[in-house]
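Participant: Below, each chain spelled out in residue letters.
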Amino acid sequence: MQRELLKFALFAALVLVVAPLYFQGGYILNVLVFVGINTMLAIGLNLLLGFAGQISLGQAAFYGLGAYVSAILTTTHGFNPWLAMIFAALAIGALAFVIGFPILKLKGHYLAMATLGFGIIVYIVINEYVDLTGGPSGFPGIPNLSIGSFSFDSDMKNYYLIWGATLGVMLLAINLARSRIGRALRAIHDSEVAAQVLGINARLLKVQIFACSAMISSLAGSLYAHYITFVSPSTFGFHFSVELLTMVVIGGLGSIYGSFLGATLITLLPEILRTFHDYDIIFYGALLMIMTIFLPGGLIQGGTLAWNFLRKSWGGKGGADA
Amino acid sequence: MNLTDQLTQYILSGLSTGAIYALIGLGFAIIYNSTGIINFAQGEFVMFGGMLGVYFFHKQGLALPIAFLLAVVVTALCGVIFERFAIRPLRRPTPMNMVIITIGGSIFLRGVAMIAWGKDTHVLPTFSGDEPISFAGATLLPQHLWIFAITILLIIGTKLFFSHTISGKAMSACAVNRRAAGLVGIDVRRMIMFSFILSSAIGAMAGIIIAPLTMTSYDVGVMLGLKGFCAAIIGGMSSGLPTVIGGLLLGVLESLGAGFSSGYKDAVAFVILLLILFFRPQGLFSRGSSERV
Amino acid sequence: MLEVKEITCVFGGLVALDKVSFTIRPGEITGVIGPNGAGKTTLFNIVSGIYSRTAGQVLFSGRDISGLPPDQLARLGLVRTFQNIELFGQMTVLENVMVGLHTKSHCGILACALKLPWHLAEERRIRARALELLDYVGIADLADDSAASLPFGKGRLLEIARALALEPQIMLMDEPAAGLNSRETWELGDLIRKIRSSGVTVVLVEHDMELVMDVCDAIVVLNLGQKLAEGTPRQIQDNSAVIAAYLGEG
Amino acid sequence: MKRTAQLLTFFAVMLLTVVAFAAEPLKIGALFSVTGPPSFLGEPERNTAQMVVDEINKSGGIKGRKLELVIYDTAGDATKSVQLANKLIKDDNVVAIIGPSTTGETMAVIPVVEKEKVPLISCAAGSKITDPVKPWVFKTAQNDGLAVAKIFENLQKNKINKVAILTVSDGFGASGREQLKIHAASYGMSLVVDDTYGPKDTDMTAQLTKIRGSEAQAIICWGTNPGPAVIAKNVKQLGIKLPLYMSHGVSSKKFIELAGDAAEGIILPSGKVIVADQLPASDPQKNSLIGYVQSYQRLYGVEGDHFGGHAWDAINLLRRAIEAGATTRETIREQIEKSSNFAGIGGVFTFSAQDHAGLTKDAFVLVRIKGGDWQALE
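Protein chains in written order, with my numbering: chain A, 1 to 322; chain B, 1001 to 1293; chain C, 2001 to 2250; chain D, 3001 to 3378.
Rather than coming from a laboratory, the hints here were simulated on the basis of the structure.
Don't be surprised by glycine CBs; every beta carbon is placed ideally from N, CA and C.
Errors might be hidden in some of the hints.
As the list claims (entries may be wrong) - DEER-style ranges, computed between Cβ atoms: (1) A/ARG311 <-> C/THR2054: 57 to 65 Å; (2) D/THR3331 <-> A/SER149: 54 to 62 Å; (3) D/GLU3114 <-> A/LEU310: 46 to 54 Å; (4) B/PRO1125 <-> D/LYS3157: 45 to 53 Å.
This is chain A alone, in the form it adopts within the complex:
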């Protein structure tokens, strides 16, 4: 328990103190803000996919709904952005809770299909309801978040804001993973029948975690909208749901830090591959395949293997010294 906390504190310090000092200003900070947003989204999906073992190919829909609800409430109706953000998360959580019951009754590829269908429906509605959302050309003029006269209007300020939120979500997810709920979710993942026989209401729990994951995605969407100050439907399409799935699997299913690693890799990869110009798409595809073939347990597994190896060789030396 204590070690877990120490690990998290170390990670938080790295993110909040070391990284901004090292990357003062500049474009890379902007990318790191997106690493934060994507980490939050990946953790949300990981709760569902890695813990409860339920696939979702429609996660981008909740992200988009969060962004649009925030955008519309603040810009069109003049709501306080913080209030709008909370309202969006609650409303979208409730929506996920309601549709979760029929959707999560499905299993395997039917579940994939249903979540995918849901994602597409939301995308179409955002795209077509022009009067409300601005349609395909997007929704401009969303205000930055602010506290009093202090406005989160720079990359650095948003870095702290968004990473603060992401670290919060991370801590909550770590706590949840080590609680009775986390255990019950993993039990459902391993064998739903065995979990039910032990008195776990699998259906309700799955729906609850689905709603949680939707709320996290919605929160990320709101933060995104207030950071970029512009939203358009293409950001929230099917391809982004797939990208999130990739982050979670490449990072390591069921690992919170894995989600961070996956989100980091997938967000930074295009930046690194940019030097290849048009060829970057080929490298990207090839890398996904190669990584999965050689590290099927995800980056976190590779990291653990490397760490154990290092510790062993280091520990061995220490023993010799003594």
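We have chain A; now place chains B, C and D onto it with these hints.
Facilitator: Just chains B, C and D now, with coordinates in the frame of chain A:
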């Protein structure tokens, strides 16, 4: 023009689009049944078929039937290479890993096509003219008849293959129980490779026969793949008639949706699909069965 | 305690169970035996809410429980174990038992995520109770091992400990001796008697006749989906129909 | 002693800065959707921009100062555009940005350039980019409204007032649809059918069947390849005899190639670039047009099109500004705003503090497709 004629047109248009979805869905189902993998690169096989057809016909100046055949053969070869270098190396495949690998594969193939043939849209000539054919107040093009004919032939072909040839039966056996099939001496690996050949070839054919009507470019695979995937799921991932009916149903739903509310037509189709899934979670056509522990 | 009334179950065209009725008395150990394909496991799956029945009724302490989902049955005090022990392989031995204590704890998602004080207290209580249960079945020393690494015999004990965590009134055990060596089977017999003496009614489906005859107070014999006989071990051993069914099979 | 050292250092630094400044090329950023759905815009734009910059540098730069073009691919994604605009401004330190290719991406980038005070010359058509005027934002693509006006004028001339519109449900189509609706009333048009189709749709017979059943006298389709080609074919298949109008979104030879025979008789507004050789010698744009089309053909093997022209205009606006002595973000902005009578590819531009789009509807000509080629209607 009266409402019945309009309706006939919607349904005919829907059926011809649906036939393509059915073919693509069949490709999904064949691979799923022999390997348990949902091959997200299936749409890219369709794209490869169309683009290779264009390449052999326009760039190499070959006759259409030869271009057709070559495109199918080369795409099937791509299927084999894909299976050999991306699917087989994974020692302990989990469904999730397979999803990522096939997604990676589809991105890779799309990139290859983009580099090789550019980002332009291309078109093939129709197989036999552009003169519209009237049918019960609606019109079709001869190419639509080709689409129907080839779809029907392929369905009958796969049906015969699965029930009357040794390889086909072996593949069906793999579908039922891979381990047991291995135990009775079926070379499971070869069957998996076969399934990739078969589905990439079917995908390629779909890609070529629609290219004269819908055009083709390096990025058409995503949407077609998605629709084919839906068709296969409505059909309960069966590599036979149910998937075909699933595709046709999807096509008709879309077409009717477009006739009544075009902006939301895909949404209409998907809402109906969701309702179907909620009430028939085993797919539309399979009988319900209890889950074994 | 548990009353099975004319339970019928049809899969497709196959009648797996045909109007099976019997009653299990509280505080007894009842064995359900029969040749392969007799419908024993199907019966368990119906009673524990995993399969749905075609017709008939199951009464538990006089209450109609037929058609209730497994998690509700578990909370009412009816638990079961599986033939191919269904352990949660990703977790440690201790965590497996802690999952069994799910119904004995109540913190919601928010309390867990925020680590509220009462959640921490509850977590400590669950952990202590889980260790007690491991000690009860004799594998406390393995608490921190991965459940997947347990040998089959120990895995069986873990599954029983996990089921006991629910403090059941009745426990259905599906072939608990399957895969155990004779020493383990003998120890299992002792454990089953110990469980019964703590006030839990036990029903077991079992092929190991020695164990059944040794521990059971009453026996129900199924054959081809129908009840063939019912009685004390002595009565069953002398029942000519039962002997015929078993010999016929052999 | 200490003071002298300080002074010396100061002058040394100054000197170095000046030398470095004179020697260093002027950096211009470009955001184009080279991949992704709008790559039909981004690719010719990138090619053209690179071509023009190379030409400038080959002839010794502008007043001895070379240009360096930093191009990033946005893949049609608004988020990426914002990130890359930040990268151009903060890491590459560019003096101006051209692009992005689409209205959506441009709208996403505007807050960034406004805040960082960097001139942006968008290559997208949406009129809301420069309406209302934003100090740092200009555009070279003709407003969709101008194209709509051209079509409606032609319909009026042919005594047609009931039209069906069929627009693609992406940024291009949505903007066209909005303009069609806005202008319909002032031209006395009633839109009897208002339908859309998806950018990846492969069959539009359903929508066209509905139009056939209506009392529309003409069809206006607003989209970019390949959708309109499918629609042209579907129209022919259904035997619909109504006149078919398209948008400038298909004013490239590619469309005629894709639609084949079905393209015959279709009327569309276009920039003058596709009919450059048919223009009278008196046309102020003729030289620019012919020059552009030919050098593009020489370099890339295909005719330069309408979309590449937006980038041509953007770079040449910058060139004129730099020629006038502007080398900083602020001065470049001022010079662009002062540009007048610049005969480019998209039209003759005259900017002012009130107008950052700079074109009139003469920027468009109406063309008819005949015998697989363009034919100017006026």
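Participant: Now, for every hint given, state plainly whether the structure supports it.
Facilitator: Verification of the hints:
1. A/ARG311 <-> C/THR2054: 57 to 65 Å: Cβ of A/ARG311 to Cβ of C/THR2054: about 59 Å, so the range 57 to 65 Å holds.
2. D/THR3331 <-> A/SER149: 54 to 62 Å: violated, 33 Å
3. D/GLU3114 <-> A/LEU310: 46 to 54 Å: Distance hint for D/GLU3114, A/LEU310 holds at roughly 49 Å.
4. B/PRO1125 <-> D/LYS3157: 45 to 53 Å: violated, 36 Å
The structure shown violates the earlier hints numbered 2, 4.
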